[in-house]
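K.L.:
Chains as they are written, first to last, in this note's numbering: chain A, -1 to 186; chain B, 1302 to 1538.
There is no bait here: all hints are sound.
Every beta carbon over 12 Å from chain A, so not counted as near; a handful from chain B, in silico: (1) Gln1370; (2) Ala1402; (3) Asp1514; (4) Leu1517.
Pairs of lysine-lysine, DSS-like flavour, derived with a Cα cap of 30 Å: (5) A:Lys126 x A:Lys99; (6) B:Lys1329 x A:Lys160; (7) A:Lys78 x A:Lys64; (8) A:Lys99 x A:Lys78; (9) A:Lys64 x A:Lys126; (10) A:Lys64 x A:Lys166; (11) A:Lys126 x B:Lys1441; (12) A:Lys160 x A:Lys78; (13) A:Lys126 x B:Lys1329.
Per the computed footprint, the stretches of chain A lying under chain B, defined by three or more beta-carbons under 8 Å from a beta-carbon of chain B, are: (14) 11 to 20; (15) 99 to 105.
No wet-lab data here; the hints were simulated from the structure.
What you are looking at is a predicted structure, and each value in this text was computed from that prediction instead of being measured.
Beta carbons are placed, not taken as given, at the ideal position from N, Cα and C, and that holds for glycine.
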Amino acid sequence: MSLLTTPSQTVGPYLRIGFTALAVDALAPSGAAGEHLTIEGRLTDGDGNPVSDAVLEIWQADASGKYVRADDASRATAGKFRGFGRILSDAQGAFRFTTIKPGPVPGPRGAMQAPHLVVTVFMRGLLKQLLTRIYFPDDPGNAGDPILLLVPTDRRATLVAKRSPQAKATLQWNLVLQGENETVFFDF
Amino acid sequence: MSDVVGYRRPYFNTQPPYLYPGYRSTIKRAPTRPLVLLPHTLSETTGPVFGADDVAPGDHDLTAGHPGQPLGERIVVSGRLLDENARPVSHALIEMWQANAAGRYAHAIDDHDAPLDPNFTGGGRTLTDAEGNYRFLTIKPGAYPWRNHYNAWRPAHLHFSLFGLGLVQRLVTQMYFPGDPLLPYDPMYNSVPDELARRRLIADFDWERTIPDIALAYRFDIVLRGRDETPMATNRT
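Just chain A, same shape as in the assembly (with noise of 0.2 Å):
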């Protein structure tokens, strides 16, 4: 049996009535294991402006490299690890989220993928979520992911995050909707 599955619809502009309540911008409670960090960009359209209306929803694995499962008995308890965030852009379409670094999660055929995030970006002019990674700077595992392998060479690395000059326990990541140096983004 196969039903038509319901198509994919726009948040629109006034998503915030609707996403508010569940945004989460500290992913990891403060004794969770791992390298606590900050993470923070800005998100730009065709016309380098800025997104103020966006939603970035963040998903990863704990420092171990598992993901909190649906038949997990440590399920959505408050102050544990979820390895879920929602975080709004802001007017200057900027937007910071604290998490761990997450550890290397099982690929396909066998394959280790480096640690990473998956984030689903929503926003009015989509119709359809964006699906994109961000992935850590120097991680030795980015050389031989096998997702990044699959990405063309020359547009990787907008798939990985810079550490920040100022502080090192910030990191960097843009998304860039259109042009020059566009965020690689999934068929998925």
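Fit chain B to the known structure of chain A by using the hints.
P.N.:
For chain B alone, coordinates are given in the frame of chain A:
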């Protein structure tokens, strides 16, 4: 470790494209470079889990939580959350938001010259039950103008946000009302090329769930992507 079983790719024309110039905002926001085809890994087949901690008991009732009753026609909106394989998606988070009965959102950037309703905020949440059922109590939203083109009006709609079990099941959509004369003129609705898929966005009037003397009712079943055949089956090739 063996590969995970991925989700089916959408059927041809059943989802909107990124670039749809009839909806003007897509022009500067749709990707212009080719998308990279992503094999589904654990990162895509798992997804966030929500529970009772995330939803308060009254969150499904958008008519409550204010000193008085909101203006407008009270409605029950209910249905089932299923996947393509017709399996219920249980204990899933559904978020919903909407304009008030006059077609105005309780949002700082909505400057439509229609009254705000001090008794209506327009955001709610619920979890599906073990059989995938959900239910909201709200008021019917009004249509509103949106400046996309000359005399552009959005048909009345509810915004729905859904989480399945896997991240790639994530869906944000809009529910429309049956018989709305604005639907043929709406670029959002018409951005879905396949007519049958498009019709999935229109709720049915639901006489059986009306509440006498209180509320009319609409039924809106929502179908998320389903898992592919097992790897065993694909081995036959």
